[in-house]
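Each chain, written out:
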Amino acid sequence: MFINYEHENHVYNVTVERREKYFFITYDNTEYRVEAEEIKPGHLKIKLGDRILKSVITEGEKEKYVFVEGDVFYVKNVELTGTKKTKKEGEGSLNSPISGKVVKVEVKVGDKVSKGDVLMVIEAMKMEYLIRAPDNGKITKINFNENDQIEIGQTTVEMKKS
Amino acid sequence: MFINYEHENHVYNVTVERREKYFFITYDNTEYRVEAEEIKPGHLKIKLGDRILKSVITEGEKEKYVFVEGDVFYVKNVELTGTKKTKKEGEGSLNSPISGKVVKVEVKVGDKVSKGDVLMVIEAMKMEYLIRAPDNGKITKINFNENDQIEIGQTTVEMKKS
Amino acid sequence: MMLTKVLVANRGEIAVRIIRACQEMGINTVAVYSEVDKEAPHVQIADETINLGDPTPIASYLNIPKIIESAQKIGADAIHPGYGFLAENPDFAQSCEDVGIKFIGPNPKVISLMGDKIAAKKTMKNAGVPVIPGYSGEKQDISSLVKEGKKIGFPLLVKAAAGGGGKGMRIAHSEDILEESIESAKRESKSAFGNDTVFLEKYLEKPRHIEFQILGDEYGNVIHLFERECSIQRRHQKIIEESPSPVMDVKLRKKMGEAAIKAAEAVGYTNAGTVEFMVDGDLNFYFMEMNTRLQVEHPVTELTTGIDLAKWQLKIADGKELSIKQNQIMQRGHAIECRIYAEDPANGFLPSVGTLQKVEPPRGPNIRDDSGIYTGMKITPYYDPMLSKLIVNAENRDECINKIIWALSRYVILGVKTNISFLIKVLDHMEFRKGNITTHFIDNYFKDWISSKKGLPIEAIIALSVYDSIHSRTEEVVRYKESDPHSPWKHVGRWRMGVEI
Amino acid sequence: MMLTKVLVANRGEIAVRIIRACQEMGINTVAVYSEVDKEAPHVQIADETINLGDPTPIASYLNIPKIIESAQKIGADAIHPGYGFLAENPDFAQSCEDVGIKFIGPNPKVISLMGDKIAAKKTMKNAGVPVIPGYSGEKQDISSLVKEGKKIGFPLLVKAAAGGGGKGMRIAHSEDILEESIESAKRESKSAFGNDTVFLEKYLEKPRHIEFQILGDEYGNVIHLFERECSIQRRHQKIIEESPSPVMDVKLRKKMGEAAIKAAEAVGYTNAGTVEFMVDGDLNFYFMEMNTRLQVEHPVTELTTGIDLAKWQLKIADGKELSIKQNQIMQRGHAIECRIYAEDPANGFLPSVGTLQKVEPPRGPNIRDDSGIYTGMKITPYYDPMLSKLIVNAENRDECINKIIWALSRYVILGVKTNISFLIKVLDHMEFRKGNITTHFIDNYFKDWISSKKGLPIEAIIALSVYDSIHSRTEEVVRYKESDPHSPWKHVGRWRMGVEI
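Residue numbers (the working numbering), protein chains in the order written: chain A, 137 to 298; chain B, 137 to 298; chain C, 3 to 503; chain D, 3 to 503.
Incorrect hints may appear among the rest.
Capping the alpha-carbon separation at 16 Å, the derived lysine to aspartate or glutamate pairs in EDC-like fashion look like this [unchecked claim]: (1) A/K190 - C/E50; (2) A/K212 - D/D470; (3) C/K380 - B/E142; (4) B/K183 - D/E50; (5) D/K7 - D/D56; (6) D/K360 - A/E195.
Non-contacting residues of chain A with respect to chain C, defined by C-beta distances greater than 12 Å in every case (computed) [unchecked claim]: (7) N165; (8) H179; (9) E199; (10) D207; (11) K248; (12) S250; (13) E282; (14) N283; (15) Q285; (16) E287; (17) I288.
These aren't lab readings, by the way, just hints derived from the structure by calculation. Yeah, the Cβ is synthetic: ideal placement off N, Cα and C, and Gly gets one too.
Looking at chain A on its own, in the form it has when it is part of the complex (with noise of 0.2 Å):
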């Protein structure tokens, strides 16, 4: 999962994996190992290697609230592309989630594919994505070839429904 955070007109660029209560966070550069629970609404309690950080977390009608050890912190998500997508859609979607070169393109246009297939792997900051089909359904369109240049956004490839 691919996350821009933007605080004060900076904006954080972050990728998180999560497995089951272990959460590997990307952040320039560096990775980092949490173990993490929600012992309740919006209150995360987060071991980072020897320490425990508290944080509770609500959300605003545009932003998020973040306390952590005593300081708050406003931020908001953001999408950082111009380019127009459906908000809903989210990641997961057909969508790059990252800016980075296609390294694998799995299947070709009149393909059949099932929901969960693997369609195109993408390379971005040392780490490797998957583009998995949403749904069964059919290639219609595949628009980057490996080794092109993708942008955060772009659509990967496109496909009919089935």
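Please build the complex by placing chains B, C and D on the supplied structure of chain A, with the hints as guidance.
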């Protein structure tokens, strides 16, 4: 509105009528006029003459918990009559909300009625209750005549929704 | 601070209390919990947590090897046992010591000695601390017993060595009936237990349970923090504690305080402890036992002395010297604690289990709520049914009683039955208000007390009706009023008058 | 109690505080509120409520005729004004008196006299209470002024009578430069204001604001409840108050306490009041003014003396005699109060409005939260932006500072910006910890302080990422790992390895 509360094997028959923030509660042949509001969920502030009652009520699976002036009571809402009826209908349906005497029948079989029309008037405990049409429709049967005794839960008239 | 990480081997309000004290002092905390407690408050607030599994105490909170192993694995350098569970288990304290983990409490030998009630009394007697005069010797012939009895004085309790349940027990109020009492006790004991050995002990009239809080450091300094009056007990369970004791005066306080320090010094006591005394109607006092842990009722001492006992436990365990001297401790105002239990006063005070539908403690200045509960929490039958301790302080006893009644009346706990209304009745009793309390108080005045069998009061009926009326989704049955052109109902929305029909 | 129903002519935390005190004493309460406050905490807890309408203060909380009329209509026999709003308005106190409603405070004449700062100082000087030495006479020739200046002593403040903004102001540190300073101040004043009249006043170096709490009954008994140190101010607004003052010793406390009582007695003061002094670096003290009401910072006195000021206000108004004597009052431990404001430290401390998304005060022994807020409440721009007062007490100042920092760090208020992080920085400042505080403290150390411009710390980024990850409803983009047969990801559910593709 007619309600039966069960507490420690006793049943308390109460009628309550509401007019905005005023409530008229009749129990044991006494009418109490109170001003009340729910100041936050489950928290009631009730003005009874010069006294201010504060009460907190929550609903458990089967019971209601009533906190009032430091005491807690466990109370069930119960139906008194043996007459089987769909609980969902509730008051305001075509069933009599109270045992009493039919003092007026306002319709006859075949009459077309509109939602809210008065169909029958029942008198009980020195008060009169209106049975109103829950929907637009046509009267198909009338179960009671004027001066008949009617029991709580019995069907006053029958109608076909149009 | 040398201590960096403390494992709290307990649950409920005391675990919460200790975890907060640690966190304030910058010490990391580890909560342990059993399966049913995984969302309990102490687990939520701790920095790290360890699941002990099975909810039966023996498999979790009493499981010494598992707790020791957990503490080692997570790198805790000390264990706080709270009260109950393993708090007064010398083997646990020893096991901690064996693996180099600091046990926050006195050393295992002291725990062990004070755990043996007879040995404890002997030690105290030798140290010059008054214990209840008695005879438990081998000479069992009537004339020897009569002689011993006269030495002890009257009233005198004659009790079967093998006794129980009041069998083989006699109170001799004067010398005249002593011989007769001994003989009859022996007969009854013989027939009930097949053994006619009897003990003699001074019988205390109007007995009060008054205890002194002690703090001792590891350099031989011991102070006391005055008394707590804990006479209000139901089936030997304290339910209301207060400080100061309404019976105490400056002279008695001084004497008892000195005796308490002597008791602690006699065994080289370290950390927080409590010396329990019985006080009779003539204000004679006798050592009963010493509790080698933080007491449930420690907050009344904290509020009247301004001293934080939980923090001092940590400081002492950390090797700090007691910086407070006896003459610097000021006792001020009055504090009362009530223990709120999940139990049903209408049903023999049986524990009540269920889900807490709503928990709203009273708030305000000088109101302290040491609790381990929250809305939505399940109360299980596995552990002690204490939900919370409500403690208030005020300028004097009268105001304190009024204040805690006020606060209890506003303590909303819905979903399980509680003893709150019972507590209010006890506090509001004229004899309680006068301070005329003994350990027999509940038996004397509330023996057959049953929560209102008067049924549902009109206040509850009104509240329910209003609630149901507000929350009713069905159309209201409207009132049909007699035709009155001046009726206020005429122009009021849904309300209709008879004439309109 | 003669008082049976008290109307509280205020809002926010102080209204809540007073209503609770009344209720504890069995007095019925009436809350008044403006339209925007209809769901405010003081309205929720009061027994009866009166809507004053328009939220502008002048139309509601400052509307004397409306409040008096409401009180009469609802049958209140007394009005408590809280602080701010009408608390020190002699016309309001007089209006209450006129209609036979007890105003809970001193009589209108005292309020009026103490409201006139020059008349107040004159009264105090005549009564023998020290006021800042100065000369504001008519003789304006240099030699007369030099003579007067020498009488006052050094350092000496020369200030333009017409002055402002530091213009026409000089500090003469010694006699040598006095004449020169007067001449230059006069020149500057003449050119800036067209008037060269100057005043002389002793210049206080390292000034502290220290005030004494007073209670007086209606029978001439007056006691003081020791001091509060209120030097930490931002733009003349107190933000951190404590008791005892770190600069106080037994002798100074005795002298200042006696002066405070003398000040109160000089005007026949009744009910709760505060005598404010300035204290210089040499511990000379001077009367500044008297506040004829309960202060915002009264809780630090309550916690260190154990005396409930709000209740005593009611008792005194009810005609009770002060039963506490001066020598019975014990000052014990240390208490600190922090005022939590809805303001944005990153934006010039401008008030911050909005909806409180989450309010979770810290809880625990010796933590008092006097607040008038709750989750979901809207903070409007109509009133003072104070959200809450957090007050803690501990055995000594060091522990108290640590404790309040700990508690502030756990005070969750989301939805509006607050000064909490600023308060923590001030409390944690080395000079604050040493007790080296003056009224210039914030200017000296935090003049250009701006809340972290360092951006989002990694802790916040991690917390946000975890939150979004947990709450994401979309499928996760899974990680594509290099082929490694020993990878732990191989068998983990959704996780897939490159080789599988």
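Hints and how they fare:
Only pairs whose Cα atoms come within 16 Å are accepted, and A/K190 paired with C/E50 is accepted, the gap being roughly 11 Å. Restraint check for A/K212 and D/D470: the C-alpha separation of about 12 Å stays at or below 16 Å, so the hint holds. For the proposed pair C/K380 and B/E142, the alpha carbon gap of about 25 Å is over 16 Å, so the pair is violated. For the given pair, B/K183 sits about 8 Å from D/E50 by alpha-carbon distance, which is consistent with the 16 Å threshold.
Pair hint D/K7 plus D/D56 does not hold up; C-alpha atoms about 25 Å apart against a cutoff of 16 Å. Straight-line distance between C-alpha atoms of D/K360 and A/E195 comes to about 10 Å, which keeps the hinted pair within the 16 Å bound. Under the 12 Å C-beta cut-off, the non-interface status given to A/N165 relative to chain C holds; the minimum distance is some 29 Å. Distance to chain C contradicts A/H179 as a non-interface residue, since its nearest Cβ pair spans about 8 Å, not more than 12 Å.
With 12 Å as the threshold on Cβ separation, the claim that A/E199 sits away from chain C holds: the shortest Cβ distance comes to roughly 26 Å. Consistency note on A/D207: stated as away from chain C, and its beta-carbon is indeed over 12 Å from all of that chain's, at 18 Å minimum. With a cut of 12 Å on Cβ distances, A/K248 stays outside the contact zone with chain C, its closest approach being about 46 Å. Under the 12 Å C-beta cut-off, the non-interface status given to A/S250 relative to chain C holds; the minimum distance is some 39 Å.
For A/E282, the non-interface assignment is confirmed: its Cβ lies about 47 Å from the closest Cβ of chain C, beyond the 12 Å cut-off. Listed as a non-interface residue, A/N283 keeps its Cβ farther than 12 Å from every Cβ of chain C; the least gap is roughly 47 Å. At roughly 45 Å from the closest C-beta of chain C, the C-beta of A/Q285 stays outside 12 Å, upholding its exclusion from the interface. Chain C leaves A/E287 outside its interface by the beta-carbon criterion, the shortest separation being 42 Å against a cut-off of 12 Å.
A cut-off of 12 Å between C-beta atoms confirms that A/I288 is not in contact with chain C; the least separation is 37 Å.
In the structure shown, a violation is registered for the earlier hints numbered 3, 5 and 8, in ascending order.
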